[in-house]
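Q: Required output: the full structure, derived from the provided sequences and hints.
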Amino acid sequence: MAKWLLVVQILCAASAWSQIPALGSVEEKRLGAISETDQQIRTLQDRVKQAPGDFAEYDSLGFAFFQKARETGDIAYYDLAEQTLNKALALTPQDFRAADPLLHMALVYMGEHRFSNALAYAQKAIGTGSGNLSAFAIEGDALTDMGDYEEGAAAYNTAQSLGRATSSPLAVSYTIDSRMAYLRFLHGDCAEAIRLMKSAIAAALQANIPRENLAWLYFELGERYFQNGDLGNADLSYRSGIVADPNHYRSIAGLAKVRAAQGKLEESIQLYQRSISIIPFPAYVAELGDVYTKAGRTQEAEQQYDLVEYIGHLGKLNQVLANRELALFYADRGIKLPEALELARNELEVRQDIYTWDTLAWVLYRNGKCQEAAGAIEKALALHTNDSLLLFHAGMIYHSLGKDSAARDFLSRALKTNPCFHILQAQVANRTLEEIAQSHNRDLRSDNAQTQR
Amino acid sequence: MHKHKDRGHHRRVRTILLLFVLMLSGAPSFAHPMGNFSINHYSRVTIKQDSVEVLYLIDMAEIPTFQETRQFDISRAVGDPRDSRYLDKQEQLLKEGLSLLSDGQPVRLDTQSRQMTFADGAGGLPTMKLAFVFRGNFALATGSHKLSYSDDNFPGRSGWKEIVVLGDGVVIVDSSAPNTDRSHELTDYSSDALSSPPQQVSALADFKTSLREAESDASTQTSSLGMVSQGRDSAHPASTSTPRQKQRPMLYAVRPTTDSPAANSVATPSSHLAGDQSASGVGVTSSVIPVSASAHAQNTPRSRFTELISTQGKLSLWLLLSAAFIAAGLGALHALEPGHGKTIVAAYLVGSRGTAKHAVLLGIVVTAAHTAGVFLLGAVTLYASRYIVPEQLYPWLGVISGLSVAGLGIFIFLKRWTGETGEHSHAAGEGHSHWFLSMFKQAAPVEAANGDDNGGGAAPTERALSLRELCMLGITGGIVPCPAALVVLLSAFSLHRIGFGLFLITAFSFGLAAVLVMVGLGMVYTKRFMSTRVNGGSRVLRYLPLLSSAFMVVLGVGITVSAVGSMHLGSHLLSRNKIVPFATVVLLGLFLGMRHSTDADHVVAVSTIVSRQGSVRSSATIGLLWGLGHTLTIFFVGSAIIIFGVVIPPRLGLSMEFCVALMLILLGVLNLTGMMSWVTDRLTPAKRGVAASSQLRDYSCHIELTGRKKAKVFARVQLLINKTIGRMGLYQTIRPLVVGLVHGLAGSAAVALLVLSTIKSPLWSTAYLLVFGFGTMAGMMLMTAAISVPVIYAGNKFFKMTQHLTFLSGLASVAFGMFLVYQIGFVHGLFTAHVNWIPQ
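Chains as they are written, first to last, in the numbering used here: chain A, 1 to 453; chain B, 1 to 840.
Treat the hints as calculated values from the structure; they're not laboratory data.
For each residue, glycine too, the CB sits at the ideal point set by N, CA and C.
Mixed in with the good hints, there may be bad ones.
Stated by the list, open to error - What the simulated footprint calls covered on chain A by chain B, stretch by stretch (three residues with Cβ under 8 Å from a Cβ of chain B suffice, anywhere in the stretch; the number is not a length): (1) 44 to 56; (2) 273 to 283; (3) 297 to 309.
A: Okay, here's the thing in structure tokens:
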């Protein structure tokens with residue numbers, strides 16, 4: 001009897017072990033062959049050529065281009081998507097059938113960070129009366145990204161109640177839960193965010209969604225875990241994202257971040273390089289530079305930092321969608337500070353969400369305008385988000401203003417939430433806390449000395 | 001074929017317009033197209049007799065260029081040793097990423113030459129282009145081989161990835177990569193929505209080597225870049241292979257930018273290229289890969305027929321005869337294909353008092369008309385092509401012929417309906433009047449249908465008419481020429497073999513006519529056969545012609561519609577977008593009606609009625625009523641969906657389908673338990689006696705005598721309805737109506753959505769719902785009538801068989817109903833929490 005139990009146990013363990021995707025096999029799963037999005041594009045192009053009056057085919061083609069833009073980060077595909085969707089909209093009748101092309105257009109605008117346009121189109125889609133869940137969801141996204149959190153939540157709630165009446169729980173779960181998760185995280189409730197994210201992933205696994213979208217969900221879950229300080233689960237989530245889509249540069253960068261936090265710097269460097277070889281996203285290039293710095297390879301670090309500057313230079317010419325990341329980079333490195341301020345203010349005009357306020361606050365702080373920075377960081381913390389980076393920035397700003405008790409509070413909270421929230425800044429936080437403690441002790445001692453006298 | 005050309009032309013115009021709009025509206029693109037971090041690939045694989053050459057280009061955008069220059073410290077100065085070291089390294093890396101397999105065996109690639117160029121991109125920032133020429137040798141036997149090429153460099157990186165496969169001294173039979181260079185060696189990145197950047201990273205090609213040397217000596221001497229020569233195809237008389245010019249070996253070009261290209265090229269000349277390259281690097285012209293055009297004989301329609309005109313050799317008598325024979329045979333085959341009015345001929349001959357003579361005459365007329373049509377069209381093509389485009393004539397011919405066929409059908413139908421022709425008696429029991437034809441006779445007195453025989457008066461007019469009808473039918477049936485015949489004519493002209501061409505076309509038309517004549521004769525003899533076998537079967541002989549003329553009408557309408565649809569009329573109303581769905585919708589309705597006519601309960605009802613009344617008309621009426629109920633529901637529910645945008649929640653939709661399933665089960669059970677027949681028996685009135693029908697006849701006479709035409713028609717209709725319902729009883733009238741209503745519930749959502757998806761405006765969509773409804777009615781009627789005919793013949797002799805039939809259909813109904821319940825309940829989730837309804 002015991003023998004059988006043992007066998008069963010071994011089998012269970014083996015199956016559980018095999019579920020965890022090994023990193024090595026993940027390495028080998030590079031994609032050289034033509035991706036499914038490319039195949040879809042080709043099929044749809046043929047169909048459009050055969051039936052040039054069919055708006056539905058144009059709509060599908062536009063959406064396929066949008067997917068490709070998401071996967072490759074190539075803004076040329078956003079342009080193609082826009083063209084095709086404009087064509088589709090010209091052909092579509094002005095009724096509920098126009099909902100899909102309008103929504104896809106809204107998505108393209110979201111991708112290009114043209115939030116007010118995206119909102120307008122999402123609202124138009126709602127106005128067609130199609131009862132499409134995604135219309136409300138995208139409206140909520142646009143509002144959330146612009147900083148109107150209340151209205152965004154309202155839109156998501158509408159979507160949820162509508163979905164309960166007209167659609168399957170699966171669809172509702174997949175569409176709405178991931179977005180609610182983000183909102184919950186913003187309001188400081190990490191546990192609920194993680195739960196909702198997991199439910200969204202469960203729903204997504206049953207639906208036949210594109211690889212990149214599933215990987216994105218895993219990436220988001222990984223981010224929530226990481227921000228909570230849970231490195232083990234974050235590791236697993238990012239790896240699942242890579243399994244879902246081996247070319248998902250964000251998941252790869254996320255895993256690299258976890259490796260760096262775990263102290264495995266060589267692996268982290270390799271992973272960052274892999275992510276950058278797919279899309280050189282400035283934030284990840286900067287993170288690679290930081291890892292090099294931590295590892296003591298200053299020359300290579302410089303190369304990466306120069307690359308980020310280079311991308312920023314191109315950004316002026318080509319409206320690259322990384323204003324915030326570049327502003328933060330300049331602020332962190334202490335270079336091009338006025339330019340950083342301009343970038344941050346430009347971004348604030350487009351969207352007033354907490355992360356843009358945070359960027360502005362940090363840039364102002366580095367520019368020496370600490371009072372303004374305090375005002376900005378207050379706005380960034382309006383929702384009581386439990387994001388270590390936000391708390392760290394707040395702590396540093398209040399410290400520069402002399403408000404040490406508040407600074408100590410924020411810095412310790414940052415370290416408590418995630419002790420390795422940033423490979424270089426975590427140290428700064430620790431040092432600053434020590435400084436505060438020392439100066440506090442000094443003050444106490446001097447007070448005591450005074451009272452004793 | 002002309003339709004195909006139209007579509008292609010249309011597509012080309014659209015692409016050009018799109019590009020034009022792009023050009024006008026696009027923001028000036030300073031930057032590297034395809035994004036600042038893209039890495040673009042280009043591979044040109046040239047397959048030769050004994051080797052494969054790969055021209056491999058990598059074009060890096062600003063960001064990767066920066067990364068590479070920083071990482072490897074490239075200086076961009078000419079002759080810098082660091083640069084050639086970098087080039088070495090890259091050559092190694094990139095070559096490793098390429099894999100070339102010939103018949104499954106890996107081919108080792110050796111570098112022939114390599115080059116590195118820089119050009120300015122966005123804001124003056126540099127971009128880098130690497131070029132390599134790799135060569136792999138192999139020894140292949142003569143015959144077919146496979147080549148497989150794949151490029152695994154920079155996977156996942158966005159960029160333009162193009163592969164071109166060419167043959168030099170070998171014939172490429174099939175290839176997954178094109179042989180045209182879209183980007184002109186990465187110098188032109190134009191793309192639009194319909195031709196987005198290629199993402200090809202692998203290619204498979206089948207090629208054939210041959211014993212001939214075919215310019216291979218020359219090709220090995222000169223450089224391996226950009227050389228293409230056209231291999232000659234095997235002798236195809238219609239194709240002429242144009243000799244290709246030998247291209248000078250050219251270097252790839254530096255991409256033109258808005259700034260003057262500050263190109264510093266670092267070149268490592270190989271031993272082969274001595275003296276051939278213009279290595280200073282500035283403003284090098286690009287090489288254009290000529291498009292290799294092989295003749296596609298497959299595109300010509302009926303190629304066997306068209307090949308006849310181009311047979312070589314002298315035209316001996318033997319050749320003439322055999323050609324004529326072949327042409328006639330091809331014409332006969334062509335006639336057997338759908339679409340040359342055989343059905344029309346058959347329908348006509350059944351409908352009219354057709355004799356063998358008529359059939360032969362019809363055939364001759366068709367031949368003459370067809371030949372004339374071909375000649376006419378040929379003349380237009382040759383001489384009047386500046387004024388009239390032949391492709392525009394086709395649809396008009398189609399419309400004319402369709403309209404005349406439909407008109408003729410209606411004419412015959414009405415004639416039949418009012419009992420004007422054919423052997424019939426004015427005996428008691430079949431009251432009718434010749435009101436239709438009487439409309440044509442101006443001063444003729446109103447016929448009194450009380451027993452006088454008016455056959456003599458009608459006969460002479462009739463014969464003359466039928467001859468006219470015949471000629472008209474023949475002409476309109478044959479006037480639309482086949483494209484193949486037209487091609488033969490035109491080739492005859494161009495090959496200066498006009499006589500032979502005419503001869504062939506006549507033979508072709510003869511073959512066509514022969515088939516039609518045989519079909520017609522077949523119809524005539526079958527009718528005769530039937531009329532001798534079935535006695536007192538004036539009923540069948542009466543209604544078959546009606547059916548056939550109705551069929552003619554439908555066909556005529558169909559031909560007209562499709563001809564109009566291919567006309568590209570600019571008018572919004574008659575645009576192709578409306579006509580094609582119109583035809584689809586009608587056909588769909590027809591088929592749906594026909595399908596439902598095989599439902600169990602319907603079969604039972606029909607068989608009961610028919611065995612009682614022995615009247616095809618009653619069963620047709622049942623079908624009509626079913627169709628009416630179906631149409632009503634679909635119209636109301638569908639227009640609610642379309643006009644008011646009512647959204648049917650999934651549960652409701654599934655419940656509706658569930659009702660249908662329940663009904664099917666119920667009806668099946670009733671059938672099986674014999675209740676159905678019992679109920680039907682009881683509620684269907686028995687055959688009326690003679691007295692009753694004479695009473696009706698008197699009534700109709702009375703109406704006739706009142707005199708006014710309008711009242712007559714109206715009264716006739718009323719009489720008809722009374723007669724029908726009276727015969728069948730209220731039950732039999734209401735039941736199919738209700739069943740049709742319920743069936744309509746299930747399908748209305750689906751139909752509404754189908755119609756909506758093809759038609760834009762709500763008003764038209766609602767109209768099409770009606771059209772669809774009429775289609776279902778027609779289909780149901782026709783099919784029901786068709787089903788009832790054998791039942792009439794079976795009569796009492798095969799009563800047992802009909803009993804078994806009804807039993808089987810009852811069983812099938814129950815089974816199908818239960819399957820539907822399972823599907824609706826569990827698969828689509830009506831009984832569970834997850835409702836998943838997609839209207840089918």
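Q: Determine which of the earlier numbered hints do not hold for this structure and return their numbers in increasing order.
A: Every hint satisfied by this model.
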